[in-house]
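Could you build the full structure based on these sequences and the hints that come with them?
Read in numbering that gives the first Met the number 0, the sequence shown has 73 at position 74, and its numbers run on one by one without any break.
Since the hints were made in silico from the structure, they are not lab data.
Remember, predicted model here, so these are calculated numbers, not experimental data.
Don't be surprised by glycine CBs; every beta carbon is placed ideally from N, CA and C.
There may be inaccurate statements among the hints.
Quick list of the computed label-pair ranges, beta carbon to beta carbon [what the hints assert, rightly or not]:
#, residue 1, residue 2, range
1, S143, T77, 53 to 61 Å
2, D355, N312, 25 to 33 Å
3, F316, E190, 21 to 29 Å
4, K363, E466, 46 to 54 Å
5, L398, K112, 19 to 27 Å
6, K276, I383, 50 to 58 Å
7, Q182, N347, 55 to 63 Å
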Amino acid sequence: MNLKTVNLSLTHTNQDKAVFNNISLNFDENKLYLLLGPSGCGKSSLANVLAGIIPNNISGKITGDVLFDDNSILQKQTYEISLKVGYVMQDADSQFCTYKVEDELLFRLENLKYSKEEMDIRLNKVLDLMNIRDIRYKSLNSLSGGQKQKVAIASVLILDPPVVIFDEPTANLDPATSKEIFQLINKIKCEYKKTIIIIEHKLDYLIEYVDYVYILSNNGIVDSSGTPKEVFRYLLDTNKRPEFHYPQIIDLWKAINAPYEDISFNLKDCIKYIKDKYFYKNSNTEDNVEKLNSKILEAQNIRYKVNDSQIINDLSFEVEKGDFMAIVGQNGAGKSTIASILLNLNKNYQGNIIIDGKLIKSYKRKDLWHKAGLVFQNPEWQFISYNVSDELKISLKDLKLDKNEEEKCISECLERIKLLEYKDYNPYLLSQGQKKRLSVATMLITGQDILILDEPTYGQDYDNQTELLEYLSELNKEGITIIIITHDMDLVVNYCNKVMVMKDGNSLYYGDNKTLFENDTIIDEAKLLRPIFLEVLKEMNVTDNFPKNLSELAKKLVKRDDKVERNDE
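Here it is in structure tokens:
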């Protein structure tokens with residue numbers, strides 16, 4: 000089996016600029032291929048072409064060819080291509096066509112008129128492979144994010160295609176579930192001899208399974224390709240910082256200047272190497288964070304239920320002015336629900352929410368939303384127009400600016416989030432990363448005392464995520480209170496001074512991040528994953544003065560053969 004593109008180019012309808020241009024890629028049997036590149040470089044569009052969605056369901060001008068075993072499939076219908084190239088979409092919900100798990104799994108087979116006997120055989124095979132037999136008869140709406148993703152994968156695998164494409168399969172999943180999905184994808188490759196093509200930003204627990212990497216550039220061409228070792232050695236040797244997230248394990252090897260031949264993408268191998276060759280030189284340095292000690296938000300005994308399910312269960316917490324707070328926890332823990340309650344978007348709750356000493360139910364809606372803003376997890380939920388500039392113009396409406404002031408404000412905002420050249424685009428045609436930045440901008444452009452952001456880094460490449468977080472950090476230093484719902488533990492370590500861990504609608508932990516990451520019980524119960532550099536410290540039995548990032552860690556790692564006083568022993 001072989002799938003390849005030959006001088007493939009794509010230009011969207013009514014657009015002049017090619018999404019990707021003249022790319023030739025090769026995908027062999029029983030290999031896992033990783034597609035990397037900045038937001039908007041064409042990764043998802045390429046996946047849509049390979050799966051036949053473009054041009055069959057979404058129009059676009061294509062030149063070049065896509066060959067499956069040397070036969071062109073560009074002119075095939077989508078259902079024909081799906082028997083050869085399966086496609087698991089980024090958002091599982093957008094892939095579903097029915098209401099129940101079993102119906103969803105059988106839907107494609109029924110459309111292709113498989114016999115009942117064959118359907119039963121295939122159904123039982125994917126139920127066991129994905130370990131979802133226990134949810135076979137459940138409603139899709141009742142499932143967790145991880146369960147939905149497993150059903151989405153199973154609905155593609157039931158057709159038994161030789162090639163399976165995954166478009167950011169863990170984008171909406173908590174860290175532990177993401178790791179489980181990566182292990183499952185590797186199992187599919189190894190045990191069922193599938194060719195896997197995966198688009199993904201979370202590389203830390205994926206990279207060890209990858210056989211080959213293609214990196215696309217901003218202008219839609221292949222920037223580099225090779226095995227993970229070859230690609231990342233090239234990036235390190237050329238000191239080229241890509242516009243995506245390095246696997247932390249690469250940054251760790253780089254930080255300690257390990258010889259190229261010693262590099263492994265397996266975390267256990269990396270930890271053993273460091274423990275054998277280094278010790279941790281402790282120092283008594285602690286950050287002195289100035290606290291404003293002025294309570295700006297308080298949740299008192301919040302309870303919320305849907306039918307007979309208790310979603311939020313007697314939750315109480317306080318936020319001080321100037322806090323940069325993270326709310327973390329598994330999918331379904333109640334994080335997004337409490338965010339909607341904090342802004343009175345969800346009014347059917349018991350308890351009190353107080354902002355600036357005033358019950359939110361006593362605010363006029365306009366006044367409350369000028370006091371605090373919410374950026375949704377799904378950016379499209381925020382869009383109410385078909386023009387990027389108009390989205391920002393609507394946000395500015397209440398400020399009653401004159402036309403020149405309004406245009407200047409919009410241009411400056413779009414330039415900051417790197418969307419100025421897209422000002423006349425339909426926001427629904429932007430990449431996922433671009434959509435997210437626009438949704439953040441619609442809230443930030445007016446300025447609030449409190450910003451609540453639901454997964455703000457979702458779908459962002461390295462540069463855009465860093466710029467967004469640094470911008471939020473600057474706002475925070477100016478006194479804006481930031482509350483972020485996230486699965487990104489590196490974000491928590493680097494930016495947040497407070498963390499609330501949620502499980503089953505209540506708080507397992509509320510305090511500083513250092514104390515959290517020292518607590519194995521809470522980490523395990525909430526199914527969180529420590530950042531990789533903190534896993535290294537844990538294995539080295541370091542309990543005091545945690546560094547915030549890899550560069551700080553590297554400064555405190557001392558080779559065992561160096562003549563340095565060992566302050567930690």
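* May I ask which of the numbered hints given earlier this structure violates, with the numbers listed in increasing order? => Checked against the structure, the hints that fail are numbers 1, 3, 4, 5, 7, while the rest are satisfied.
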